[in-house]
Amino acid sequence: MNRRSRVGKVRKIKVTVEGGWVFHTLTFSLYNIQEYSMLKYIGLRLIHSLFVLFGLSLLIFFIARVMPGDPARVALGPLATEEQVQKLREEIHLDKPFPVQYYYWLRSLLKGDLGRSLYTKRPIVKDLNEYLPATLELVLCSFIISLVFGQVTGVLAGYFRNSWFDGLSRLVSYIGVATPSFVMAIFLLLVFSHILGFIPAVGRISIILRPPPRVTGFIILDSLIAGQFKVALNGLKHIILPALSLAVAHIAQEGRVTRSSIVDNIQKDYVATHVVHGVPTRSVIFKYLLKPSLIPTVSIMGLDFAFIIANAFLVELVFMWPGFARYAVTVMLNKDLNAIVAVVLIVGATFAIVNLIVDIVVSFLDPRIRLQRRGG
Amino acid sequence: MKKQLLYFLVALLLIPSAFLTASEREEVMPEAENVVVINGMPVIIPDPGQAMDWYDTQVVYNLYSPLLYPTPDGKLRPHLAESWEAVGGMLDHWRFKLRRGVKFHDGSELTAEDVAFSMERLMSLGKGYSGIMGKVTARVIDNYTVDFVLAKPNAVFPATLTLFWPLNKDLVLENKKPGEYGQFGDYAQEWLNEHDAGSGPYMMVSHSPGERMEATRFKDYFLGWEEPKPTEAPIERLIFIMNWETATLMMLLKSQQLDVEMNGAFSRKTLKEIVDTPGIGLKRIWPEVWTVWINTTVPPTDDVHFRRALLYAYDYDAIMEQYSPYGAKEANIIASGLPGLVKVPPQPRRQNLAKAREELAKSKYDPDEVKVVFHYCAGLEAEEEVGLQLQADLAKLGIELEIAGPPWPQYSEECAKPETTPNLTMFMFPIVYPSPDSFMNFMYHPSNIGGIYSAHWYVNREYGMLIDKARETLDSDDRLGIYEQLQEKIASDALALYPYEIPMLFTTQDYMIGPKEVFPIVGPTESMYNWRIDLTKKP
Amino acid sequence: MAGKDMKSNRVYAKRVNISKSWYKFSRNPLSVLGLTVLIIIVLAAILAPYITPYPEHAGPYTNFPESGQPPNLRHFFGTDTVGRDVFSRVIFGYRFSLLLAVVVISLSVPLGIILGLIAGYTKRKWLEIGIMRITDIFLAVPPLVLALAITAMLSPKLLNQMMAISLMWWPWYCRLVYSVTSSLRNEYFVHDAELTGARKGFIMIRSILPNCVGPILTKITLDMGFVIILGASLSFIGLGVQPPKPGLGTMVADGAKRLPAEWWMTVFPALAIVLVILSFNLIGDGLRDMFAVEEI
Amino acid sequence: MHTKSPLLEIKDLSVSFKVFEGDLKVLNGVNLTINEGEKVGLVGETGCGKTTTIKSVLRVLPSPPARITGGEIFYRGRDILKLKKREIPSIRRGEISAIFQDPLTSLNPVFTIGYQLQEIIKHSLRQQGIEEVSKKELKSRAASLLKETGMPDPERILKSYPIQLSGGMRQRVCISEALRVTVKLLLADEPTTNLDVTIQDQILRRLDELVEKRGTSILFITHSLGVVRHLTHRVYIMYAGNIVETAHTKELFSNPLHPYTRGLLKTVPKLTGEGVSEGIQGRIPNYLNPPEGCRFHPRCGDKMEICINKKPPLFNQGENQMVACFLYGR
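Chains as they are written, first to last, in my numbering: chain A, 914 to 1289; chain B, 3 to 541; chain C, 22 to 317; chain D, 4 to 333.
Please keep in mind that the hints were generated in silico from the structure rather than gathered at the bench. Every value quoted in this text rests on a predicted model; they were computed, and no experiment measured them. Every residue gets a Cβ at the ideal spot worked out from N, C-alpha and C, and that includes glycine. Please note that the accuracy of each hint is not assured.
Claimed, not checked - If we take Cβ atoms under 7 Å as the criterion, some of the chain B residues that face chain A in the derived model are:
1) G133
2) P211
3) L403
4) A418
Generate the whole structure from the sequences, applying the supplied hints.
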C-alpha cells in the first residue's frame, strides 16, 4: 500500500464486455479521492493534467519535427516565391532547432497565444473561438441524447429483462456498436435527407438564414436569446442528424451498461428489502434501483465523451458542420503545425476536465468511494 | 402496471421522431428576394493583399474593383484606370490615369493616394499576387494619376493589374492593429478578413471564415446598374457557402437551395446527372488546361525519347470523347482564349503506338525494367481516369505505371523538390492574368522552376531568355511571335502530356441569367454584377 | 465467497480446457454465428485473388461503358464510377482492413504486455512511474485524434497508418497488465516463486501473465473491431490505403459523392465494415462468457 | 399465553424454479401455521427452502424463474397468493414485515440510513391514513426507532451511509426498518448469521424484547437450534422443501421423532454453516430430480420400503407434535 501510494493506485479495473462493447474502464488515478479534501484533490488532478498536456505537446512537436515536409510551402501554396516561403519559415521559427522552436511556442502559450494558423492565416485562438462552440453544441447535444435514451432503454431492458423489448434493445445495441459513426452518418443522411427529404443535411442552419448575434456561440441558444424562434427550430432540425449519428453507438453502449447494472442490482437484497417494506414500485425503480445502477454508467461517461469528440471529427465532415473537429481535420491534412498542437491539446484538456468531473460526480453518487476508509 | 409503464416509455422514446416529419421547405423561403447562394471553398481570404487561391479571387472580384479589366477575348480594358502608358516607352515605368468619381463602399472617392497605398501594402506584405508583379514602387503624380516603377522592364505588367484591387486607404488605416509594419501596424490584415474596403459591385455584410460570407449590392457602383427589364432583377444578396461534398451539393441544387455552384470538381457521372436534371444546367466558364507534368530529373522520364514515347502511347480520344459534351477539346501548351496560341506540331495529339515503340527503342531504358509513377490529387476522379487510361495504354508497351492519389497538401509538397516529384503529376491550370506570360513565366522560366506550376523540373536558359525578351518587347505582335517560338521549343522537349482542355463548369439554376460576358481568366466572370435573375422562371 | 478465498491464493487462471471452453463459447449462438461469419470473411480475404469474379478490379482498371451499374448477377454489388466491380473490391478491401488489425494488434499487444509487466513488477519506482506516465500521455486524447494527427503528418500510407495506430494502442494493454500485475505483486504465490529463486522474467511470464490471459484475449478480439473502425475512419478521410487500391473507408467516402442515385457504391462497403466489426464483437461476447471476465 | 387463532397458514405450498436444465422443485408441499402472538422457528440446512418459503409469503419471489405450482397462503383468512398486485403493498406496509439474512446487502449503499428509514416510515404511516407528516416528525420517529434497538447516537447514524456502519449496527437498522410500525408478523430470515457471536446475542435479545413489547408474531428462520431453543414457542423442521416435523420447542428438544431431527440435534452445539457434519450422512438432494417418496430416504438410517415410493404425510404425535415419517404411522 505504501509502496503504491506514491505511484498512484489503481482504484478499479474493470473490463466489462456487454452487448459487444468493451469498456476500458481502467479508472486509474494518481490520487485517491478519499485521501484529500475535494479542493486539494481537484488541484492535484489539474496539476497532473497539466503535466500530461505538457508531455503531449512535446510528443506532437517531436513527431511534427521528425516528419518530412515543409509546412511553410504548404501554407503559401504553389504560386508563392521562394523568398515568400523563406520569410514565413523565419516568421514561424521553422529554421530554428527543435528545442528553440518549442521554447518559443511555450513562451507565447504562457501569454495565452497559441500562434497563428498557417491554414486560416489567423490567430488560432480566434479560430478556436469561432469553431469550438459549434462542436461543443453538437457534442453536448449528442451526449444528452445518448444519456437520456441510453438510460431509458437500459432501465427498461433491465427491468423487463428477457422480454421482447430487451431482445430488441440488444439487437439494436449490437448494430449500434458495430456501426462506425461516419457510416451511421451516411446512412442517416441517405435515409432522412436524400430519400425521405425530411431533414436538412448540412450546416448549422439553413443557408439563407442569418445566424443570430453571438452570445454563447451555440446557435440554438443564441437564437432563443435573440427571440428568433424560427432560427432556433431550424438549428434544432439541423443538429438532429449529426447528433444522432454520434449518439447511436453510445445509446447502445450506455443502454447495455445500465441494463447489466440494473440486472445486477435488481437481484440485490436491498431491492427486496425496499419492496418488502412497502416502498412503491415507482420509487424502487427510479430511485433506489436507478441511483446505484447509474454508477457504472456515469463512470464510463468520460470515455464516452472523448469518443464522441473523436467521432465528431468524421461526422462533422459528413454533415459539413462548421466546427472545431472539421477544422482539426483540415489543419491536420494541411500540416498546420501550430494548429495541430492546439487542437490536440484542446481535446486533451477537454478530456481531462470531463474525466475529473465524472470522477467527482461518481464519488458523490457512490458514498463507498467517498467514505471508504483507507486500506479497506 | 408493468405493461403500461413499458408502453408509456416506448412512446416517450418515439416523441423526438415527430420532429423528423416536419417539412423543411417552408422554412427555407427566402427573407429577401434575389438571394443567390454560391458555393466556394473552405476558407476564403477576401483581402486583395493576401488573396491567392482562385476561390479568393472569385470573391474579391465581387467586393473590389481591379485597376484594369480583362476582355472576353483575353485583352485589357480600362476599369478603375481610364488609360495607361509606358512612360517614355520605358517598360519599367508605367503611368495610370484614374477614372473620376469612383466611390468606395463608405462613399468616399477613390484617388491616386489609395492606389499607391494599396500597391505599397501589397508589396510590403509580400503575399498574394505580389510575386507575379515583381518589385513595384508607386508614386502619386496627382489626385488621379499614379506611376508604378518596376525593378525590371515588363511589358506584361498591365495584364497583371487585373489582379490588383485598390483598397480604401483611410478605412484600412483606421482599422489597423499593432503589427510588424511600423506605422501601418498589421495593414489591417485581420480586419479585412471579415470586412471589406473596396469599390466593387457588392459589399461584405458578414463573414465567418470556413462557414459563410454574405454580401449585398452596392447601389453606387461606379459602372452603374442598368435599368433591369421587368422580368429580370439584379442580385441583391450574395451568400457564399463553403461546401464540397458532391452529394450534398447536388441535393442543395435540386432543392433550389443553391443557385450557383462554382467549385466545379464534379465527376463525369455527376455532370451527366446535372444535364439530365430539369431546372439546373451547366455553364462553361474559363478554360482549364489539363496537364500531366513529366519530371525530367528522375529516371526513366529524364530521357526525352522515353517521354515522347509516353506522349505517343496515350489514347487522347478515349477520355476526351467522354467529356466532349461538356466542351472538352484538344489541349495546348497555353490555354485557348489567349492571343498567341499556336497549335504546335511536335506535340502529339493522337495515339500512335508505332511511333511510341520507335521512340522507346531510341531511349536508354528497357520498358521491362522501369516503373513510372503517376500521382494525382486525391478525390479528383477525372484525374484518376487519365491515370488509369494511361496505365492501360502503357501496358501495351510493356511499361508499368503505378498510380496513387495523395491528398492535396502532401501532393503539392511532393512537387516542391525534384527528387520527390513523381514521374508524372497531374494538374489543371487556368489563366491567371490575360497574357501567355501567365503560363510561360511560372511554368518555364528557369528562376521559377519547381512546385506544381513546373513539376517537370526542366531548366533551360534559352526559355528564360525568350520569356524575358518577350517581357521587354512593347509591340504586342512581336511579343506573341516570341511566345509562339517558345511553344514550339517546349513541345519538342516533351515536358508534359495534355489530355484535354475543358472549360470550368458552373452548375446554375435555369433562372440565373448570365454570365453576360465570359472572361478567360479566373474571377471576373464570377462577379455577380455579370449575372441576373429571370423572375419569370424563379419559383 | 468465503470458500473461494480460502481455497488458495494460487494462480486463479484455470488450465484451458479446449472442449469445455468451446462448450461455454458455443452456448451463445450469436457468438458462433459471429465466428462463422468471421471465418468466411477471413477466408474470402485470403483467397480473394481466386474467388472474386474480377480480381483485376482491385487495382487500377477502367471500363467506362460498364461504370455505374446497379447490382446485378454479373456484379453483385454493382460497379463504381470507373466500371470496377464493387464486390471484388470489397473483398480485397477486407484484406487491408484485416491486415491492419492483425499488424496493429501484434505490434502493440506484446509491447503493452511487456511494459505493463515491467512497470507492475519492478521495484524501481522511477521505472514504474516513467512507464505509467508515458501511457498517461498517450491515453490523454482519444486514439482517433492522435492517430489522425500522426498519419496526417506522415504521408498517408497503409504502413504509416499501422504505425500510428499501433503507437496509440499499446498503452491500453500496458495499463491493463500493469493493474493486474501490481495487484498480484504481493500475493503469496508470487512471494513463493521469489523465495524459490526463480528469475524475474520467469515469475512474470509463468506466475503473473496467465492471470491476464482472459481479459487480454477478450480485449484483443474486440479491439480488432476497434482497429478496423479506426482504420476505416482514417481512410475515410483519405489517410489510409491509397487509391486505386480498395480501402473500405475510401470506398465509402468516394461512393458518398454519388448518393443517393448510385447508392450501392457506398452502402455495400459500409455494410461490409459493419459486418466484420459485428462479427468480432459477437465473438468477443462469447469469449467473455468463456473466460467469465469479471472484476479482477 | 397466546391465542390459538392462526395468523398465517401455509397449506401445501409448492414452488419450482425453472432453469435451463429443467424445473427445480424446491418446495414440495410445505405446511406451516403461525398463530397470533406466537414465536415460531423454522430450522433446516442451508438450501432447504426456508428463504423461498418466506419470499413466497412476501410475494417477492423472482418470477420468472420461480413459479408457485400449488398451495395456498392464508393471512388472516385471505389468500395472499390470490391478492391483486395493487393490494399487496398495503399488507407489506402494515401487516407483515421482514428482516433479511445479510445486513450488509439489505441496505441500499448509496442512500443515507435516515433517507431510507424515513421513506419507509412515511409509506407505512400513509397506509395507516396519516398523510402529511413533517420531516422533523419523520426524523424523530426514525431516531427513536433506532434508539429502541439499542443504537447509540441515532442522530449521527441517520446521516451515515451503510458503509460507515459495522455489521451489528446495520442489523439494528434493519430491525428498525422492519419494526417501523406495529406489524402483526415479522419474518426474520437468519438475522444474525453473519455477525459475530457476542453481537448475535445482543441483537437477538433486543429483537425478542421488541417483539414481546409489541405483541408481534415472529417466524425465526435459522439453522441454529440454539437460537430456536431460547427464543421460540414452536419449531418447524424443514428438509429439502418439506416440513418434516413440528412441535413445541421443549417437546422437540426432549423428544425428537423424525430421523432428520434426531440427526440434527446430535450436531448441537457444533452447528456451522457447512451442512450437517456428524449426525447425518450425505448431502441435501438435487432438486432437479429429487428422490421419490420421502426426500430424506437416501440419507435415512431407518428407511423402509414405503419411504422410497410414497411421500409421508404429517402424522399427529401427541397434542402439539406432528411428524412426516412412516415410522410413526401409515
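Taking the hints in turn, this is what the structure says about them:
1. G133: 4 Å, holds
2. P211: 6 Å, holds
3. L403: 24 Å, violated
4. A418: 5 Å, holds
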